[in-house]
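Can you make the complete structure from the sequences, with help from the hints?
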Amino acid sequence: MAENTAEKIHDVRLEVNGVTHAVAVPARRLLSDALRQECGLTGTHVGCEHGVCGACTVLVDGRPVRSCLMFAVTAAGSEITTVEGLAEPDGSLNPAQQAFRECHGLQCGFCTPGFLTTVTAGIKENPCPTHEEAREMVAGNLCRCTGYQNIVKAVERAAEIARGDAPAAGPPDGDDGGLEAATGDTEVARKDDASTTGLGA
Amino acid sequence: MSTKLMGEAVQRVEDDRLLRGGGQYVDDIDLGALHLAVVRSPHAHARIRSIDVDAVLDIEGVHAVWTYDDLDGAMAEPLPLLIPHPTLTHGRTQYALARDEVNYVGEAIAVVVADDRYVAEDAVGRVVVDFELLPAVVGVEAARAAENLVHDDVPGNIAARSVQQNGDAEAGIKAAPHTLSLDFDIERSACMPMEGRGVTARWDTANGRLQVWTSTQTSTGVRAAVAAKLGLDLLQVDVITPDVGGGFGVKINHPWPEELLVSLAAQRLGRPVKFTEDRREHFISSAHERAQLHHVDVGFDDEGRLLGLDVRFWHDHGAYTPYGLIVPINASTQLVGPYKTGPYRVTFDSLYTNTVIVTPYRGAGRPQGCFVMERTMDAIAAYLGKDRADVREVNLIQPDEFPYDHGLVFQDGRETIYDSGDFAAMLEKIKTLVGWDDFESYRAEMAAQGRRVGIGLAAYVEGTGAGPYEGAHVNIESSGKVKVATGLTSQGQGHQTAFAQIVADELGVPFEDVEITTGDTRRMAYAVGTFASRAAVMSGSAIHLAAKRAKEKVLRLASDALEADPEDLQIVDGVVSVKGSPGTSINLGTVAVLSNPLRYAFDEASKAATQFSVGDASKPPVAEDDEPGLEGKDFYSPIRSTFASGMHAVIVETDPDTAEITILKYAVVHDCGTVINPMIVEGQIHGGVAQGIGGALYEKMAYDESGQLLNASFMDFLMPYVTEVPDSIDIDHLETPSPLNPLGIKGAGEAGVIPGSAAIAAAIEDAEGLPITAMPISPSELFELRAQHAVATTTPEENR
Ligand code: FES
Ligand code: FES
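Here the protein sequences come in this chain order: H and R.
My numbering puts the last residue of the first sequence at 206; the count rises by one with no breaks.
My numbering puts the last residue of the second sequence at 869; the count rises by one with no breaks.
Think of the hints as simulated: they come from the structure by calculation, not from any bench.
The beta-carbon is built from N, C-alpha and C at its ideal position, and this holds for glycine as well.
Hints should not be assumed to be uniformly reliable.
[What the hints assert, rightly or not] Under the rule of at most 20 Å between Cα atoms (straight-line distance), these lysine to any residue pairs were calculated in the SDA-like manner: (1) K617/R <-> S628/R; (2) K13/H <-> S628/R; (3) K622/R <-> P579/R; (4) K552/R <-> Q565/R; (5) K550/R <-> P697/R; (6) K552/R <-> R618/R; (7) K455/R <-> A245/R; (8) K676/R <-> Q565/R; (9) K13/H <-> D184/R; (10) K648/R <-> P579/R; (11) K552/R <-> K648/R; (12) K13/H <-> D185/R; (13) K13/H <-> R186/R; (14) K73/R <-> E804/R; (15) K13/H <-> D191/R.
[What the hints assert, rightly or not] Computed footprint of chain H on chain R; a stretch qualifies when at least three of its residues, placed anywhere within it, have a C-beta under 8 Å from a C-beta of chain H: (16) 88-94; (17) 466-476.
Have a look at this one:
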């Protein structure tokens, strides 16, 4: 007969990307696991489960947090944004996402969600990062593929797009929990990639 | 408009999905699976007296707990030795679950399957194993001393002793005017992809089929292994490689115990089962690489020209040898680099230790070989008082000497014959790129500010694109879309983009209409895998050939339909037309309809096709030498490997007080033959360089003498963040196409990492004026070296 080892289960409401998820979890369930399993939002990745790699970074009330270091029950009552919630309301990529694509800032893509959430919050807080500040912004995230060269370029490019330095022609963006700064247009900016990344053919 | 895409920095088709969190890595696949967790050995060397699992089954949510005794048939046999070799006389592999002995901390002993990972881990904690501890053998020195044995039946801890020679090295050295004896040491590191290993399996009871999703570098290999171990027919097993969060070599080894155990659990329990490795498990139960000790005897003339080279090295392959001798064979054969070595002999022992197994990590033995050769070049230059670049120059294989036969047998069993290259031009390029000739004035300038800088340079040649083959299947649908499959897997190299560029060019279709599938045995059952920088060479070539076949059929059918000579046809933007009369045309989709005599008009293309007639009314609807469908399938199997090459140069600054080492400039010249997508190639170089820097300055596996890995976390294993890599990496290209494949490709995946330790060591040595013979090197180790060097070189007078 099974021993009664069942843990106390807590009913928690998680607000993720503007949607309420009612989940039943034990107190020890990590936010990263709850997002991935209970909420089915597998864009948040787990690279270490000990708070060092940053792959699991999500935004909690707009601030980057390592979801492997937070219990799901603790996150109740906060607004959580995962990588799935970064795109603009019209479905287009946000400035950080656009910039990572333009600059080839990702290879396997496993670390990428953590970088995108970090940079999305980072350029909101500091819309005009210097080169040093751009490096600093991603200095807590590990990537094993890219050697960070294009990630730093992408941070600078993301800030540029968010400031609207890129020629604008796209639809105005709506409110997305205040996470994105002003958008420039994305189409024109994308064509620009060779010159902005220095990787032209 | 169809411009050639080959050579263009086309943006990746993979990215949109990955940027939105839409990637499907193995742990993301939601089948409502049970979770498997593994009881691992806490000891490096022990006999298992007994295992008590009674406390586990009482836990609510636990479905099964198995030890070796629960395995039968082939599952109870040792894991396969994937790559046997005649000199691997004492190869040993582990069991999926340890039978009676464990040989490294982390070896799998038992598994628990439970409702979720939390419960499974609780249960793992309740399994009680009674061990009899045995002395652990840790490190090359202990393995060589062989006071204790890892495996009782392997004398001297020696799995293999290999000797290769090309001429009489001993005589060459003896006759040389100058000789040096040198020792070099490289420590352990590991691939450390951000995504660890993972596997999910589902058994379909009704149909007797097993589907396995695994984070691997070889779907076909895993499929064959799972089928053999579970006693299934190959056609009962599908292996699908979803998105993979980096590999760098560790995921080419297979089958991992967990790949088999998850499959077995799914079959036994009739429920989907998954295993997702955590980071500590990745450190202690996947694979490492790099540890080798080397001794070099070299003879040379007044110019530094090599007259004889004799290298002996000892390779630490950990507790077992599932992947054979690939790493030390690469090290021994690729050591020669771009040089004419004169008579060369290389001898290695591959040794057992009670540590995690060693399988290829990006570079796979080449970084060690390069380190030894390049440090030797620097030592010769120092001895002769010559410029280090000049000593290299006199030894280079010249452009008119290709194909160049080193007289050695490479890891693929074929000759080490370089296909093409231009090493002299490359040396010039790297000197220019890094500012080699102007460095002394820079050094003086920095010295005036109290700063200490040094410059170093290293060259490599990398055998890439090893066989035996890869294949591709191209299928043009009636929508005009082109669906392409190749069997090897992707781990972030942008294959879907690069391969689509090849197809779009060959077929004359829009890039957007091409869809590439990799690593799915349902789509391509014959494949080898992604390693040895071979994907672009092997699958790129196969895809090119398959697209060519599809094109031939397109032109044949179109010429019939358009009543024109195939020679007069062209395909532009997915439309076949008669050159010079664009009105006479037919869409590829319509040709696809015509290729199938069974013509139900379901779609527009089918309706459009009714205006054309093809085929010979006197023959059957599908002619004897034909088949329905607009497809092309082909395999590419080269006679031997291609050889890419490159040179790196580095400027470092060392802090006179703290011995902190900072990279000020990193320059790369590389030649990977024809470049498909320069953006992707440069990305590969960036990533490789960062791993090279990690290996040179930060990363090592800190085992204590009892075989505990002390730094098995990202907290303690120092993998570079952005703060550890230079602000820019200067890259220059050289393209000497390979004559061995239709596109001239050589492969670029691993190159970036190979000369890192060699070049950085050279730069530190140049800055410090003391020999650097062991890597990685930390500031405290450099500090210690300075102190030793000061003692060793201080004369009594100075000591006063
Ligand atoms: S998974 Fe949370 S920081 Fe690595
Ligand atoms: S893109 Fe692979 S880990 Fe960053």
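Each hint tested on the structure:
1. K617/R <-> S628/R: At roughly 16 Å apart (the allowed maximum being 20 Å), S628/R and K617/R satisfy the hint.
2. K13/H <-> S628/R: With a Cα-Cα distance of about 73 Å, the restraint between K13/H and S628/R is violated, given a limit of 20 Å.
3. K622/R <-> P579/R: With Cα atoms ~18 Å apart, K622/R and P579/R stay inside 20 Å; holds.
4. K552/R <-> Q565/R: 11 Å, holds
5. K550/R <-> P697/R: 17 Å, holds
6. K552/R <-> R618/R: Holds - the C-alpha atoms of R618/R and K552/R are around 14 Å apart, at most 20 Å.
7. K455/R <-> A245/R: The hint holds at about 18 Å.
8. K676/R <-> Q565/R: Outside the cut-off at roughly 32 Å; violated.
9. K13/H <-> D184/R: 16 Å, holds
10. K648/R <-> P579/R: Distance ~19 Å between K648/R and P579/R Cα, so the pair holds.
11. K552/R <-> K648/R: Between K552/R and K648/R the Cα gap is close to 26 Å, so the pair fails against 20 Å, i.e. violated.
12. K13/H <-> D185/R: 15 Å, holds
13. K13/H <-> R186/R: 17 Å, holds
14. K73/R <-> E804/R: Holds, at roughly 17 Å.
15. K13/H <-> D191/R: 15 Å, holds
16. 88-94: Satisfied; 7 residues make the cut.
17. 466-476: With 0 residues close enough to chain H, the hint is violated.
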